Amino acid sequence: MSNSNLYERYQRQIILSEFGEEGQQKLLKAKVLVIGAGGLGCPVLQYLTAAGIGTIGIVDDDVVALNNLHRQVLYSVNDIGLSKAERAAQILKQLNPEIKIIPYNERLGNQNALMLLDEFHIIIDGTDNFSTRYMINDASVLLNKPLVYGAISQFEGQVSVFNFQQSENDEAANYRDIFPNPPKEDEVLNCAEAGVLGVLPGIIGTMMANETIKLITGIGEPLANQLLTYNALNNQVYQLNLSARKETRSLIPKDEAAFLQMDYAWLCASSVSQSEIDADTFNSLMEKGNVDVIDVREPHEMPLATEFSNIKIPLAQLTDNAGMIKSDTVITFCQTGKRSLQAAKILSGIFGDKKKVYSLRGGIVEWKKQKQAV
Amino acid sequence: MQVNIILFGQLTEIAGNAVSVDNVADTDSLVRILHKRYPALADTKYVIAVNKQVVNRNIPLNNNSTVALLPPFSGG
Numbered sequence: 001m002s003n004s005n006l007y008e009r010y011q012r013q014i015i016l017s018e019f020g021e022e023g024q025q026k027l028l029k030a031k032v033l034v035i036g037a038g039g040l041g042c043p044v045l046q047y048l049t050a051a052g053i054g055t056i057g058i059v060d061d062d063v064v065a066l067n068n069l070h071r072q073v074l075y076s077v078n079d080i081g082l083s084k085a086e087r088a089a090q091i092l093k094q095l096n097p098e099i100k101i102i103p104y105n106e107r108l109g110n111q112n113a114l115m116l117l118d119e120f121h122i123i124i125d126g127t128d129n130f131s132t133r134y135m136i137n138d139a140s141v142l143l144n145k146p147l148v149y150g151a152i153s154q155f156e157g158q159v160s161v162f163n164f165q166q167s168e169n170d171e172a173a174n175y176r177d178i179f180p181n182p183p184k185e186d187e188v189l190n191c192a193e194a195g196v197l198g199v200l201p202g203i204i205g206t207m208m209a210n211e212t213i214k215l216i217t218g219i220g221e222p223l224a225n226q227l228l229t230y231n232a233l234n235n236q237v238y239q240l241n242l243s244a245r246k247e248t249r250s251l252i253p254k255d256e257a258a259f260l261q262m263d264y265a266w267l268c269a270s271s272v273s274q275s276e277i278d279a280d281t282f283n284s285l286m287e288k289g290n291v292d293v294i295d296v297r298e299p300h301e302m303p304l305a306t307e308f309s310n311i312k313i314p315l316a317q318l319t320d321n322a323g324m325i326k327s328d329t330v331i332t333f334c335q336t337g338k339r340s341l342q343a344a345k346i347l348s349g350i351f352g353d354k355k356k357v358y359s360l361r362g363g364i365v366e367w368k369k370q371k372q373a374v
Numbered sequence: 001m002q003v004n005i006i007l008f009g010q011l012t013e014i015a016g017n018a019v020s021v022d023n024v025a026d027t028d029s030l031v032r033i034l035h036k037r038y039p040a041l042a043d044t045k046y047v048i049a050v051n052k053q054v055v056n057r058n059i060p061l062n063n064n065s066t067v068a069l070l071p072p073f074s075g076g
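Listed in order, the protein sequences are those of chains Y and Z.
So the first sequence is residues 1 to 374, counted in the working numbering.
So the second sequence is residues 1 to 76, counted in the working numbering.
Note that these hints are calculated values from the structure, not bench results.
Treat the numbers as computed from the prediction; the structure is a model and nothing was measured.
One should not assume that every hint holds.
Unchecked claim - Quick look at which bits of chain Y chain Z covers, simulated, 3 or more residues with Cβ under 8 Å:
hint : stretch
1    : 33-41
2    : 123-135
3    : 175-181
4    : 211-225
5    : 242-253
Unchecked claim - Away from chain Z, derived, C-beta distances all over 12 Å, residues of chain Y:
hint : residue
6    : Ile14
7    : Leu16
8    : Asn110
9    : Glu171
10   : Ile204
11   : Thr229
12   : Glu276
13   : Asn283
14   : Thr329
15   : Ile350
16   : Ala373
Claimed, not checked - Some chain Y residues close to chain Z (C-beta under 10 Å, calculated; not the full set):
hint : residue
17   : Glu187
18   : Thr206
19   : Ala232
20   : Asn235
Here a beta-carbon is modelled for each residue, glycine too, at the ideal position from N, C-alpha and C.
Please build the complete structure, drawing on both the sequences and the hints.
Shown next, in the form of structure tokens:
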């Protein structure tokens, strides 16, 4: 883009003495990754695109739904069923064709998180579940990247900047310095259960965009080592101070290999009531009791599972025989973990919130292998 | 001596926006009193901040200390 064009587009912020052409150049050189293109992601993306951030990555594997539109203001009814990451990128390019916008229509997981985050200077967490939030926090700590955090529930929001050392005396705090461990399934409500006022993510997301611009340009005081809470009903703002704790470091994987081994979905027992569990988790659930284990393989399949009691219901007969399942926790397994995942989905559909349904990852084959290794 | 407690998020549905507790020496005792008064709090996750500083261990409380109880939010 020519300099005169650049000056015209950003003129109103360039004339701010604290900001200037230097600030604009910093924005143009910055690479920001926005994770979640939902309620928080939309305003973050709109303002960062408008402000002229040089490269913006958008991660989201979800599609637009009608009940998103009251708060996810980038999208319209014609976008329903389309990828959020791709639609957001197309819409934002019309707003500012001069910058680079990269959609990632994929789910962030242990396997891709470090590689993806490493490509960017600043990470923005606008996700809607604890497992991804803890994963992003840990990855940002490992990679030493500033993380702009925002979260909402009903009428209240939280904003912070993690992993950013404001002064030499301050050690940078992160999410685990506030909440060391993820909540269990029934300790908090998710957005779908709790509800949210549409304008709230607009306010909180805009604050996140503001923090990002401050981090990049070096103006003002970012919310490092602070957590801001905002209440939309009474306009009360409450700002808390955070300190980095020694104990926090032990909760975060120490290197890439340890990060890849972390089972974030299980740590948070995410509100999706069917999920995969590994052999260790399987064993600890068995110890707790009140568990029905279901073998969804056909009767002739080997190896037999004789090490623990189980009910044999082949996948095709599961729906008709779901009444045989009495315990509050249900674990399905098969040979390698594929059919059992399908079975877990079917059972979650039947039992809803009444039972917790898990699928044994890797199946009985992997479980026996683990057992032998021990 | 009185300690003022302000609550956030879903905690307000359990105990309201603000409560006060008399004669309480430290944060551990305060938590015990609150859990007795509002049993549902014991099943809910939250962090404590004393005079706007997040604390993850037991610390003494003074007259007119303000204690904030904050739940984690997951929504986006």
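Cross-check of the supplied hints:
Residues of the stretch 33-41 of chain Y lying with their CB closer than 8 Å to a CB of chain Z number 5, which satisfies the three-residue condition for coverage. Look at the stretch 123-135 of chain Y against chain Z: 7 of its residues bring a Cβ nearer than 8 Å to a Cβ of that chain, three or more, so the hint holds. Interface restraint, the stretch 175-181 of chain Y with chain Z: holds (4 residues with C-beta to C-beta distance below 8 Å; minimum three). Coverage of a stretch by a chain is defined here by at least three residues with a beta carbon nearer than 8 Å to that chain's beta carbons; for the stretch 211-225 of chain Y and chain Z the count is 0, and the condition is violated.
A count of 4 residues in the stretch 242-253 of chain Y with a Cβ less than 8 Å from any Cβ of chain Z is obtained; the coverage claim is therefore met, three being the minimum. For Ile14 (chain Y), the shortest C-beta to C-beta distance to chain Z comes to about 32 Å, beyond the 12 Å cut-off, and the non-interface label holds. The Cβ of Leu16 (chain Y) sits about 30 Å from the closest Cβ of chain Z, beyond the 12 Å cut-off, so the non-interface label holds. Against chain Z, the non-interface label of Asn110 (chain Y) holds: every CB pair exceeds 12 Å, the least being about 19 Å.
Listed as a non-interface residue, Glu171 (chain Y) keeps its Cβ farther than 12 Å from every Cβ of chain Z; the least gap is roughly 14 Å. Listed as outside the interface, Ile204 (chain Y) is inconsistent with that label: its C-beta sits roughly 9 Å from the nearest C-beta of chain Z, within the 12 Å cut-off. Against the 12 Å criterion, Thr229 (chain Y) falls within the reach of chain Z, whose nearest CB is about 6 Å from its own CB. Even its closest Cβ contact with chain Z, about 20 Å, leaves Glu276 (chain Y) beyond 12 Å, as expected for a residue assigned away from the interface.
For Asn283 (chain Y), the shortest C-beta to C-beta distance to chain Z comes to about 25 Å, beyond the 12 Å cut-off, and the non-interface label holds. At the 12 Å boundary, the C-beta of Thr329 (chain Y) stays outside the reach of chain Z, the nearest C-beta of that chain being 18 Å off. The beta carbon of Ile350 (chain Y) is kept farther than 12 Å from every beta carbon of chain Z, the shortest such distance being approximately 26 Å. Under the 12 Å C-beta cut-off, the non-interface status given to Ala373 (chain Y) relative to chain Z holds; the minimum distance is some 34 Å.
Below 10 Å, beta-carbon pairs count as interface contacts, and Glu187 (chain Y) has one with chain Z at about 4 Å; its hint therefore holds. At about 14 Å, the closest approach between the beta carbon of Thr206 (chain Y) and any beta carbon in chain Z exceeds 10 Å, and the interface hint on this residue is violated. Hint status for Ala232 (chain Y): violated, given a least beta-carbon distance of 12 Å to chain Z, over 10 Å. For Asn235 (chain Y), the suggested interface contact is broken, since its CB lies about 14 Å from the closest CB of chain Z, more than 10 Å.
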